[in-house]
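Engineer: Note that the protein sequences, when read in sequence, are chains E and G. All residue numbers for the first sequence refer to our numbering, where the first residue is 5 and numbers rise by one. All residue numbers for the second sequence refer to our numbering, where the first residue is 5 and numbers rise by one.
Relax, there's no trap hidden among the hints.
Identical copies go unnamed one by one, so any copy, or any two together, can satisfy a pair.
Here are the computed lysine-lysine pairs in the DSSO-like style, where the Cα-Cα straight-line distance is at most 30 Å: (1) Lys119 <-> Lys317; (2) Lys119 <-> Lys377; (3) Lys395 <-> Lys272; (4) Lys272 <-> Lys121; (5) Lys119 <-> Lys328; (6) Lys121 <-> Lys317; (7) Lys328 <-> Lys121; (8) Lys354 <-> Lys377; (9) Lys386 <-> Lys121; (10) Lys354 <-> Lys386; (11) Lys263 <-> Lys317; (12) Lys263 <-> Lys319; (13) Lys121 <-> Lys377; (14) Lys354 <-> Lys395; (15) Lys377 <-> Lys240; (16) Lys252 <-> Lys263; (17) Lys263 <-> Lys377; (18) Lys377 <-> Lys328; (19) Lys192 <-> Lys377; (20) Lys192 <-> Lys328; (21) Lys386 <-> Lys240; (22) Lys354 <-> Lys272.
Simulated from the structure, these hints should not be mistaken for laboratory data.
Protein chains: 2
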Amino acid sequence: MSPTTALSTSSSLTTLFPFSSSTTKSKPTNFTQFPFRFSPKNPTLNLTSSTARSAVSIEKEVLETERPDTFLRESDDDDKEPSSTSSVRARFEKMIRDAQDSVCQAIEAVDGGGKFKEDVWSRPGGGGGISRVLQDGAVWEKAGVNVSVVYGVMPPEAYRAAKAAATDQKPGPIPFFAAGISSVLHPKNPFAPTLHFNYRYFETDAPKDIPGAPRQWWFGGGTDFTPAYIFEEDVKHFHSTQKKACDKFDPTFYPRFKKWCDDYFYIKHRNERRGLGGIFFDDLNDYDQEMLLSFASECANSVVPAYIPIIEKRKDTPFTEQNKAWQQLRRGRYVEFNLVYDRGTTFGLKTGGRIESILVSLPLSARWEYDHKPEEGSEEWKLLDACINPKEWI
Amino acid sequence: MSPTTALSTSSSLTTLFPFSSSTTKSKPTNFTQFPFRFSPKNPTLNLTSSTARSAVSIEKEVLETERPDTFLRESDDDDKEPSSTSSVRARFEKMIRDAQDSVCQAIEAVDGGGKFKEDVWSRPGGGGGISRVLQDGAVWEKAGVNVSVVYGVMPPEAYRAAKAAATDQKPGPIPFFAAGISSVLHPKNPFAPTLHFNYRYFETDAPKDIPGAPRQWWFGGGTDFTPAYIFEEDVKHFHSTQKKACDKFDPTFYPRFKKWCDDYFYIKHRNERRGLGGIFFDDLNDYDQEMLLSFASECANSVVPAYIPIIEKRKDTPFTEQNKAWQQLRRGRYVEFNLVYDRGTTFGLKTGGRIESILVSLPLSARWEYDHKPEEGSEEWKLLDACINPKEWI
Numbered sequence: 005m006s007p008t009t010a011l012s013t014s015s016s017l018t019t020l021f022p023f024s025s026s027t028t029k030s031k032p033t034n035f036t037q038f039p040f041r042f043s044p045k046n047p048t049l050n051l052t053s054s055t056a057r058s059a060v061s062i063e064k065e066v067l068e069t070e071r072p073d074t075f076l077r078e079s080d081d082d083d084k085e086p087s088s089t090s091s092v093r094a095r096f097e098k099m100i101r102d103a104q105d106s107v108c109q110a111i112e113a114v115d116g117g118g119k120f121k122e123d124v125w126s127r128p129g130g131g132g133g134i135s136r137v138l139q140d141g142a143v144w145e146k147a148g149v150n151v152s153v154v155y156g157v158m159p160p161e162a163y164r165a166a167k168a169a170a171t172d173q174k175p176g177p178i179p180f181f182a183a184g185i186s187s188v189l190h191p192k193n194p195f196a197p198t199l200h201f202n203y204r205y206f207e208t209d210a211p212k213d214i215p216g217a218p219r220q221w222w223f224g225g226g227t228d229f230t231p232a233y234i235f236e237e238d239v240k241h242f243h244s245t246q247k248k249a250c251d252k253f254d255p256t257f258y259p260r261f262k263k264w265c266d267d268y269f270y271i272k273h274r275n276e277r278r279g280l281g282g283i284f285f286d287d288l289n290d291y292d293q294e295m296l297l298s299f300a301s302e303c304a305n306s307v308v309p310a311y312i313p314i315i316e317k318r319k320d321t322p323f324t325e326q327n328k329a330w331q332q333l334r335r336g337r338y339v340e341f342n343l344v345y346d347r348g349t350t351f352g353l354k355t356g357g358r359i360e361s362i363l364v365s366l367p368l369s370a371r372w373e374y375d376h377k378p379e380e381g382s383e384e385w386k387l388l389d390a391c392i393n394p395k396e397w398i
Numbered sequence: 005m006s007p008t009t010a011l012s013t014s015s016s017l018t019t020l021f022p023f024s025s026s027t028t029k030s031k032p033t034n035f036t037q038f039p040f041r042f043s044p045k046n047p048t049l050n051l052t053s054s055t056a057r058s059a060v061s062i063e064k065e066v067l068e069t070e071r072p073d074t075f076l077r078e079s080d081d082d083d084k085e086p087s088s089t090s091s092v093r094a095r096f097e098k099m100i101r102d103a104q105d106s107v108c109q110a111i112e113a114v115d116g117g118g119k120f121k122e123d124v125w126s127r128p129g130g131g132g133g134i135s136r137v138l139q140d141g142a143v144w145e146k147a148g149v150n151v152s153v154v155y156g157v158m159p160p161e162a163y164r165a166a167k168a169a170a171t172d173q174k175p176g177p178i179p180f181f182a183a184g185i186s187s188v189l190h191p192k193n194p195f196a197p198t199l200h201f202n203y204r205y206f207e208t209d210a211p212k213d214i215p216g217a218p219r220q221w222w223f224g225g226g227t228d229f230t231p232a233y234i235f236e237e238d239v240k241h242f243h244s245t246q247k248k249a250c251d252k253f254d255p256t257f258y259p260r261f262k263k264w265c266d267d268y269f270y271i272k273h274r275n276e277r278r279g280l281g282g283i284f285f286d287d288l289n290d291y292d293q294e295m296l297l298s299f300a301s302e303c304a305n306s307v308v309p310a311y312i313p314i315i316e317k318r319k320d321t322p323f324t325e326q327n328k329a330w331q332q333l334r335r336g337r338y339v340e341f342n343l344v345y346d347r348g349t350t351f352g353l354k355t356g357g358r359i360e361s362i363l364v365s366l367p368l369s370a371r372w373e374y375d376h377k378p379e380e381g382s383e384e385w386k387l388l389d390a391c392i393n394p395k396e397w398i
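Only chain E is shown next, with the shape it has when bound in the complex:
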């Protein structure tokens, strides 16, 4: 796993920050921390460094009864109706909220039984989020789709890591904005894969105390899937849909982000990936900003066509107890990845984020058998082999 990916990304439902999905139901979180991006330019900057432990204050969240039109501060919301001339912040927020709606609609339509339960929350000074969870549906065991907008303050080290400042002068803490969508979908049928996706956008203010130092921005995210059994046509369809989204923007994106995904979702102590990958990227700022906004939108909009046809094909496949036990063992791996490695989850647990939002990414149930080894050549063995030795699927 490259240190870049290990320290800068999250597959938890809290999207951006562990603290982004809190509600008034949880205990007050008066102080929290910024999970720094790790940059090769500043390899000493990581979550365990002493700088990373310096807390920044964040307002307590308020539970809302209605969804507001926007979670942006008024000063940011340059148009009441986001248009092509609106700020990137406003258009990104609109994009993730539309994506949340369309994914949830598609899930409910296929599920036929389950309905999403929604929690809306905001912070007095701006920012907030919408958490939606469907549990014990007909098709999905547990499905969470969250969006959030956060205004916070990050230590100067994070700013400097993001882009080498034009000066050696050290700025003070930098206000930042972040917005994102994050989702984990665990179906019941062991032949139907789990899906995770997460797209996020960051902006910092320009440091006031360093004349000429720029505002910074970057995009991150990805979509990956985790079947318990390989249907080659499903894997090809999933990866092809990701590649198609990437290829519209840059032919290098898919191969780069496919590898990045394999590297990030690596369970080091098992020497296995948690699943069959997809795409993953972070810290993207060395392309045109409008192009990357369109790319992130394209990726988010590719979730339904990449995933739903596979679910429709597999949701009613007959299965044995053995198939279910294997799915449960693989879900044990999912739990291991999320609790041990995922930066958003581990950071969230340590810094007092809303636990139920953070851990909604965990499956409804999981299993650990001592020294379980699938029989060589079996379908279970084939899946494990593909998790140990990532393949090129298309």
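Given chain E, work out where chain G should sit, using these hints.
Structural biologist: What follows is chain G alone, placed relative to chain E:
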């Protein structure tokens, strides 16, 4: 949670060190690390400090077909038959191996169906272990009882933290010896509690490069239990047995070690303990060494009388699906504690210990429901309340 307990102890089956239960089945582990004891005398010494990351080499383990009489080096084994005049090392090893036998015999006798599977391993230069796992028995879902003996080298900081050296001169790396027993027992019936116990003994050599600096030693361990439902008579019986063992040695032991246990098995992100506690201690060296050896033996010998009568009473209690689901949710908490907080587990996963030995402490299955809240006043609520607000049971 006090930092002392957080950083110095382990509830994983690897007892002492993450690397203590490896076998040749696993990948070679040529380098590993010493999970330092944390001492208030040296609060900067912890697992994430840069000193703690310095690797020390350890030999690869060899799978054995038979149990040797001892895992001690010949030079340590001052008597072929350990007696009251043998070294503490030899007597501690004998004690934990006897305890392993008697606990496994008691488990098999009550289970009636399941049998322990045994793995024996050693290291050419001395040390080794015996891992025993019973899976899918009639009464226990998963039961692991491991003993191990380790010879290693620890950085000087760990020695100095153990007892302030009489000199400011910094010694080189210090050879150490450690032996321990560790066990987690997960029954099937939701009214039958999970048990964990772990007793360990450490010795360092005297630093050769500092004339007069002493050899050091200390004891650690504990026994705690984790029911899904409270039967007050069971909790009282369990704690009384612990208190009785403690009171034979020092009337301050039970209250001190009961609190230490509540502090250690704390799931910070939930503000809950994982269960109803028991006793826990570490770094004990400020009593007579013979007395502490007897105390550790007494504690290990109290496991069967503390636990088995409760299992016999509860193993066949009729239960509903709802009871089972609640047990599974509590097992989810067990997984969270072990993967997120337990020092032995988290350290083992990061440093290449034998994964199957480390993770045999995880339950066969576990469950996570979004925002599950037991109804106030229900039996489930009472258990949760006792995990949030530790009680004095006797």
